[in-house]
Amino acid sequence: MSAPPTDRPAVRPRSGRRPIPPLIFLLVLALAALAVWWNVLQDEEDRDAAQAAACTTASAAPPSLDPTTLSVRVFNATDTGGLAQAVAADLQGRGFVVDEIANDPSDRDVTGVGEIRHGPRGNDAAAFLGLVLRGAGDFLDTRATAQIDLVIGPDFAFRVEGDTIVPESLASPEDVAAALGTVSSAAAAC
Numbered sequence: 001m002s003a004p005p006t007d008r009p010a011v012r013p014r015s016g017r018r019p020i021p022p023l024i025f026l027l028v029l030a031l032a033a034l035a036v037w038w039n040v041l042q043d044e045e046d047r048d049a050a051q052a053a054a055c056t057t058a059s060a061a062p063p064s065l066d067p068t069t070l071s072v073r074v075f076n077a078t079d080t081g082g083l084a085q086a087v088a089a090d091l092q093g094r095g096f097v098v099d100e101i102a103n104d105p106s107d108r109d110v111t112g113v114g115e116i117r118h119g120p121r122g123n124d125a126a127a128f129l130g131l132v133l134r135g136a137g138d139f140l141d142t143r144a145t146a147q148i149d150l151v152i153g154p155d156f157a158f159r160v161e162g163d164t165i166v167p168e169s170l171a172s173p174e175d176v177a178a179a180l181g182t183v184s185s186a187a188a189a190c
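First residue of the sequence shown? That's 1 in UniProt numbering, and the numbers climb one at a time after it.
Hints are computed from structural coordinates only; laboratory data are not their basis.
Accuracy of the hints is not assured; some may be wrong.
What follows is a set of in silico ranges between Cβ atoms, one per label pair, in the way DEER data are often shown [claimed, not checked]:
#, residue 1, residue 2, range
1, F139, V36, 48 to 58 Å
2, T111, A33, 57 to 67 Å
3, G135, A177, 11 to 21 Å
4, D46, S71, 41 to 51 Å
5, V40, G119, 46 to 56 Å
6, V97, L41, 28 to 38 Å
7, L41, S106, 19 to 29 Å
8, T142, A50, 38 to 48 Å
Quick caveat: nothing in here was measured; it's all calculated off a predicted structure.
Think of the CB as a built atom: it goes at the ideal place given N, C-alpha and C, for glycine as much as any other residue.
Starting from the given sequences, assemble the full structure and let the hints guide the process.
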């Protein structure tokens, strides 16, 4: 006797495969692809930020000027006699044109290592001189000339060797050249 026919469809035997492991594999693969793209996009953002920083540095950087074209007056706002003369001699040795050496004629209270005073026409020269006396304050006044004043402040470092005052707060010519080199490499990165 044979089994009576039924309207039920035949049940297919199971193959023994479960759909979960391939789905987990695809999920892991998708996460790995997402991580790779995330890193690619982050690296691109970092490069863009570095380029923007380089461009900002280059645009705000002092120009490379010839010291022989700058007219500087050196004023002493400290109680140390002869300090302005020593600084002026150092600047002249670097090629700066020093027009006047004196005690500070203004009533301004100078703090820190010093102050660079200039008019609008002396902005570039003041920025360049700021490389020589790092940390100096910047004071914009109303003078119509490009002449700049370097006023030595109470925190200006120096040492005395015998009868000679040796300024120590002035950056070396090598440090100034290195700072200008950094600026030019930042401009090249723009």
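Hints, verified against the model:
1. Between F139 and V36 the Cβ separation comes to about 54 Å, which falls inside the hinted range of 48 to 58 Å.
2. At about 58 Å, the CB distance of T111 to A33 agrees with the hint of 57 to 67 Å.
3. Taking 11 to 21 Å as the suggested C-beta distance range, the pair G135 and A177 conforms, at roughly 19 Å.
4. Checked against the given bound of 41 to 51 Å, the beta carbons of D46 and S71, roughly 44 Å apart, stay inside it.
5. In this structure, V40 and G119 meet the distance hint of 46 to 56 Å, their C-beta atoms being roughly 51 Å apart.
6. Distance hint check: the CB atoms of V97 and L41 are about 53 Å apart, inconsistent with the given range 28 to 38 Å.
7. A beta carbon spacing of about 55 Å between L41 and S106 contradicts the range 19 to 29 Å that was offered as a hint.
8. Evaluation of the 38 to 48 Å hint for T142 and A50 yields a pass: the beta carbon distance comes to about 39 Å.
In summary, the numbered hints that this structure violates are 6 and 7.
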